[in-house]
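Engineer: Following the hints, position chain B against chain A.
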Amino acid sequence: MSLLQFCRHLPATKYLVLLLAAVAMVLLLAFNPENFWFWPKCPFKLLTGLDCPACGIQRFAHAALNGHFAAACRYNYFLLYALPYTFLVVLAYYLPRGRFKQRLANVVEGKFAVYLYVALFSLWFVVRNIMKI
Amino acid sequence: MEQENINQPLDQTQEQPVQPTANVQEGPQQVNPTPADKPDNNLVLAIVCTVCCCLPLGIVGIIKACKVNTLWISGQYEAAVYEANEAKKWSIWGIVLGLVGSILYVLIAVLSAFASN
Numbered sequence: 001m002s003l004l005q006f007c008r009h010l011p012a013t014k015y016l017v018l019l020l021a022a023v024a025m026v027l028l029l030a031f032n033p034e035n036f037w038f039w040p041k042c043p044f045k046l047l048t049g050l051d052c053p054a055c056g057i058q059r060f061a062h063a064a065l066n067g068h069f070a071a072a073c074r075y076n077y078f079l080l081y082a083l084p085y086t087f088l089v090v091l092a093y094y095l096p097r098g099r100f101k102q103r104l105a106n107v108v109e110g111k112f113a114v115y116l117y118v119a120l121f122s123l124w125f126v127v128r129n130i131m132k133i
Numbered sequence: 134m135e136q137e138n139i140n141q142p143l144d145q146t147q148e149q150p151v152q153p154t155a156n157v158q159e160g161p162q163q164v165n166p167t168p169a170d171k172p173d174n175n176l177v178l179a180i181v182c183t184v185c186c187c188l189p190l191g192i193v194g195i196i197k198a199c200k201v202n203t204l205w206i207s208g209q210y211e212a213a214v215y216e217a218n219e220a221k222k223w224s225i226w227g228i229v230l231g232l233v234g235s236i237l238y239v240l241i242a243v244l245s246a247f248a249s250n
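Quick mapping for you: the protein sequence lines, in order, are chains A and B. Going letter by letter, the first sequence gives residues 1 to 133 in the working numbering. Going letter by letter, the second sequence gives residues 134 to 250 in the working numbering.
Treat the hints as calculated values from the structure; they're not laboratory data. The structure displayed is predicted, hence computed values, not measured ones. Errors might be hidden in some of the hints.
What the hints assert, rightly or not - Ranges of calculated distance between the beta carbons of each label pair, as one might list FRET restraints: (1) Asn-106(A) x Lys-222(B): 36 to 46 Å; (2) Trp-226(B) x Tyr-81(A): 17 to 27 Å; (3) Asn-106(A) x Ser-249(B): 48 to 58 Å; (4) Tyr-81(A) x Ser-249(B): 39 to 49 Å; (5) Asp-170(B) x Lys-14(A): 33 to 43 Å.
Ideal placement from N, C-alpha and C gives every residue a C-beta, glycine not left out.
Here chain B stands alone, though its shape is the one from the complex:
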């Protein structure tokens, strides 16, 4: 056990200088995104979802959509895109669930009306 503990810090110190140089080389190649590239935060979808009665998923969507702009401004572009996609996913699931639920309800209502006749 003691031998392993002594060896590990040595390995890390050897590896560490390599990583920053690799990052610096990749840095300039990435084109800095302009404000126009900012992803749509899908807040519209999320709010429509809450107003159309699928509340838990819509609230998740709203909170995720709210993070997009601040993440983008702070330079975390990938995280911003990720949250935007998450917001879209949750809101669309909410809207789909709401629609499917109401269609099922109408179907059941029609069927039961037929059955009682």
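Extracted from the complex, chain A is given alone in its bound form:
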């Protein structure tokens, strides 16, 4: 299946999601979330005062998109693992049916990968709130 055929068969909702993600990336590149009021604030943090495992994702994206990768990591180390994993899950979801999709999905959606994610997510949640990182 060629790339053109693949693009033609992609449903509209998947295009919409890609478009929204692209818009969010451009906005994050242009506007620093620390300086502009319109960026969404984490409801969990507002309610509990705790940093959730993904807190810092907007500042992370802003810094990383502007090329300051080391500064980005300091906002949230967990995202170094979580974002590539999310990317692979999304990739497995977007790929056309076939052997590669199946093999990727078997790894990424397998019990080991999923429970590793849940375990690290919980561990990071505790550690970052104790150590204030």
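Structural biologist: Just chain B now, with coordinates in the frame of chain A:
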């Protein structure tokens, strides 16, 4: 009491032979689902939910989504579809809660800015 206990096993033995024959008749009529019919396990939604700061509901979604593939492979098709729908439900609730929460926050921030002026 004793009479009832004696009667119940007798009733069950009479009913039991009827049920398997009914199941065997229904069995061949059901078309065996192919791998292509496997429901979307909605893991993407669940993980996006955890990354977008609605963690408890997202974790529930992830664990439910993880069950879908194994249930499907073991032949429990209805259970797989059920878990897939559950995963979708929890993740979407999480994402909606997160969005509503942040929109409310922005509204309150704007209103309080107006009030202080």
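Engineer: Does each hint hold? Answer for all of them.
Structural biologist: Here's how the hints hold up against the structure:
1. Asn-106(A) x Lys-222(B): 36 to 46 Å: Check failed, 25 Å falls outside 36 to 46 Å.
2. Trp-226(B) x Tyr-81(A): 17 to 27 Å: holds, 26 Å
3. Asn-106(A) x Ser-249(B): 48 to 58 Å: Roughly 56 Å apart at Cβ, these two residues keep to the hinted range, so it holds.
4. Tyr-81(A) x Ser-249(B): 39 to 49 Å: holds, 42 Å
5. Asp-170(B) x Lys-14(A): 33 to 43 Å: Once the Cβ atoms are compared, 20 Å apart, the range 33 to 43 Å for Lys-14(A) and Asp-170(B) is violated.
Comparing the model with each numbered hint stated earlier shows that hints 1, 5 do not hold.
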